[in-house]
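J.: Sequence order for the protein chains is L and E.
The numbering of the first sequence is the numbering used here, which starts it at 1 and goes up by one.
The numbering of the second sequence is the numbering used here, which starts it at 285 and goes up by one.
Since the hints were derived computationally from the structure, they do not count as laboratory data.
Model, not experiment: these values are computed from the prediction.
Positions of the beta carbon are idealized from the N, C-alpha and C atoms, including for glycine.
Treat each hint with caution, since some may be false.
Said to hold, decoys possible - Once the Cα atoms are required to be at most 27 Å apart in a straight line, the calculated DSS-like pairs of lysine-lysine come out as:
no., chain 1, residue 1, chain 2, residue 2
1, L, Lys46, E, Lys426
2, E, Lys392, L, Lys13
3, L, Lys275, E, Lys291
To be verified - Which stretches of chain L does chain E cover? Using the computed rule of at least three CB atoms under 8 Å from a CB of chain E, they are:
no., stretch
4, 54-67
5, 113-122
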Amino acid sequence: MNEEKENWDLVIKPKQSMFSIDLKALWRYRDLLLLFVKRDFVSVYKQTILGPIWFFVQPILTTLTFLIIFGNIAKISTDGIPKVLFYLSGIVLWNYFAECLMKTSETFTANANIFGKVYFPRLIVPLSVVTSNLIRLGIQLLLFVGFWLYFYLTGAAVEVNAGILLLPVLLLLMAGHGFAFGIIISSLTTKYRDLKFLVQFGVQLLMYASPVVYPLSSVPEKYKWIILMNPMTSIIETFRYSVLKSGSSFEPVYLVYNAAALVVVLSIGLFIFNKVEKSFMDTV
Amino acid sequence: MPVTVIKVENLGKQYRLGQIGTGTLSHDLNRTWHKIRGKEDPYLKVGVVNDRTEKGGSNIVWALKDINFQLNQGEVLGIIGKNGAGKSTLLKVLSQITSPTVGSVKVKGRIAALLEVGTGFHPELTGRENIFLNGAILGMTKSEIRSKFDEIVEFSGVDKYIDTPVKRYSSGMMVRLGFAVAAHLEPEILIVDEVLAVGDLEFQKKCLGKMKDVSEQGRTVLFVSHNMNAMQQLCTKGILISNGQLAMEGQIDKVVNHYIGIAKQGSFSSGNHARRGNKSVLFSDFYLTDANGNKADSMIMGSDIYLNAVLERRAEVKSVDVSFTIRNAMGEAITHVQNMDNDFSIPYDFNTMTLRIKLSSVLFVPDTYFISVWTGCNSDAYDIIENCVHFEVMNNPDFNRIIYPHNIKVFVNSEWALL
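Let the sequences and hints guide you as you build the complete structure.
T.: What follows is the structure, given as structure tokens:
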């Protein structure tokens with residue numbers, strides 16, 4: 001046919017193949033991603049005096065709270081790891097995951113006004129959330145390093161091992177899970193807002209199903225598998241094993257499970273997201 | 285041979301009316317069930333033509349249906365239609381904001397849509413930061429923006445405030461900055477919604493000029509506006525959309541004239557008006573006459589014209605006032621006349637009566653004008669009919685001029701003397 005010969009740059013049709021992620025388009029909009037990251041980061045501490053230092057305050061205060069409640073009142077074991085380092089490591093990692101999940105889950109509802117006026121690959125927005133939180137995580141990890149050095153120099157039983165080389169993998173897994181679950185929720189909430197309420201306290205509750213305030217080793221054998229289902233478990237455990245060593249377990253098999261789970265969840269997420277981004281303006 | 289850059293085929297877009305709730309969940313499930321069994325979507329067949337004024341039986345409407353057109357490179361297409369006709373939906377589909385229900389659009393080249401100016405401006409960021417952000421949202425790369433940054437700032441005229449957060453800007457400055465960024469986009473195809481309706485006159489003219497430049501550079505533009513003058517100045521081709529369907533396609537002048545003609549069909553005698561008011565008193569007729577008492581739908585600039593309103597009383601009222609607003613084709617109010625201005629009191633114990641109002645030496649510049657009529661008492665409206673009659677003002681050969689510059693609205697008689 002004649003039409004087949006003409007080459008069109010873009011064909012807008014009702015239903016496009018659902019798995020197509022236009023990587024080329026994403027790459028073309030990479031500057032937008034960076035500018036979104038910059039916007040998120042810069043706008044947070046505009047008109048503040050302390051600026052980015054605020055990123056330290058939240059984990060420090062949370063650590064302090066946990067130290068008092070779980071460490072001194074409830075007296076939950078930390079496997080012999082200095083309590084401050086134990087809580088801080090859990091909090092920093094958990095915060096990153098929780099923040100990614102919650103922010104990406106608002107992708108469509110929070111950006112409806114922009115999405116309604118301009119087209120750009122919608123995935124840019126959740127990707128920028130994951131990236132800008134990475135900067136925050138970096139700053140908070142610096143804080144952790146500071147505390148770690150203090151304990152190391154004062155002779156506490158901490159040491160770093162080769163596991164630290166897995167840090168990029170851990171970051172990737174965390175970002176991936178936050179992103180994947182986030183886009184699933186954001187896609188589903190465009191039409192039915194019910195999930196939004198679940199996310200708000202669900203994330204809080206989920207923290208208690210992750211070894212943030214307790215070590216995995218203190219979980220009774222019978223329930224361990226439930227905690228291990230949580231992708232954050234192996235991430236936090238591996239991180240603690242690499243930099244705090246004592247007590248925490250490191251089992252590569254859980255990381256493999258984690259990566260496999262990520263592939264599944266991410267596929268589902270991209271599938272739904274692709275489907276929703278074409279029509280969400282009519283339902284949001 | 286001209287290159288076709290946009291090809292729209294059988295495009296349709298369906299919307300569901302009412303709220304999204306549990307009812308929609310059952311629709312969704314039904315849809316999925318049909319899909320699983322490989323059957324056609326059961327809701328594609330229903331759906332009525334989109335006519336706002338009529339309450340249809342179905343709660344699914346076609347906001348767009350069977351739209352077909354092609355556009356060649358370098359053409360400027362004006363999309364005309366009444367409010368709610370489907371113009372904006374069409375733009376949204378073309379700019380990929382929402383996907384069509386059926387049909388397809390094929391596009392050659394990079395497409396950029398300007399449905400709003402300043403999309404994504406962040407109030408806390410400075411003008412400079414927002415130029416980059418907004419530019420990137422519209423599809424420019426950082427280096428493109430950087431190379432045009434000075435031009436953008438100059439065009440916007442806000443260089444003094446460029447390092448101030450935009451939350452301190454006036455709304456006009458915000459719009460200027462937004463349009464300045466958009467104006468420096470260089471896509472092959474540009475889609476523009478009525479962004480010209482904002483900003484002051486000087487800036488509007490700047491925008492129109494810029495759009496003219498764009499089209500002269502051989503780029504393709506799709507433009508939606510209610511400003512028929514701007515349409516005729518800018519566009520080469522026009523399409524008219526009515527109730528979601530393509531009503532006409534052709535030369536812009538033909539389409540604009542046809543559209544103004546449609547507005548004429550709504551003239552009083554057709555009786556097809558959307559009225560508002562409590563109906564205690566109704567306009568039963570309204571027409572224009574010339575000095576000789578003959579019905580008229582046009583006049584020579586500078587002559588007198590008479591408005592004739594026939595009123596009918598349906599209920600007890602305490603007083604009756606009448607007023608008229610005359611608007612030009614762009615919808616701008618040119619003048620307003622009311623009986624209170626002349627201390628003319630209208631009797632209120634009538635059954636029917638005819639009012640005749642003389643407008644002397646009407647010096648509106650040549651254009652099409654629309655008259656809206658109002659009757660009521662204080663804030664109580666008995667009957668309001670928007671744009672119920674229209675008339676043409678024709679150039680007066682005695683005035684020695686054909687062109688009225690600077691888009692002036694009204695002419696004033698002047699007497700010149702040398703002292």
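J.: So, for every hint listed, does it hold in this structure?
T.: Hint by hint, here is what the structure shows:
1. L/Lys46 with E/Lys426: With a Cα-Cα distance of about 23 Å, the restraint between lysine 46 of chain L and lysine 426 of chain E holds, given a limit of 27 Å.
2. E/Lys392 with L/Lys13: Holds, at about 15 Å.
3. L/Lys275 with E/Lys291: holds (24 Å)
4. 54-67: Violated: only 0 residues of the stretch 54-67 of chain L have a Cβ under 8 Å from chain E.
5. 113-122: With 8 residues closer than 8 Å to chain E, the stretch 113-122 of chain L meets the three-residue bar; holds.
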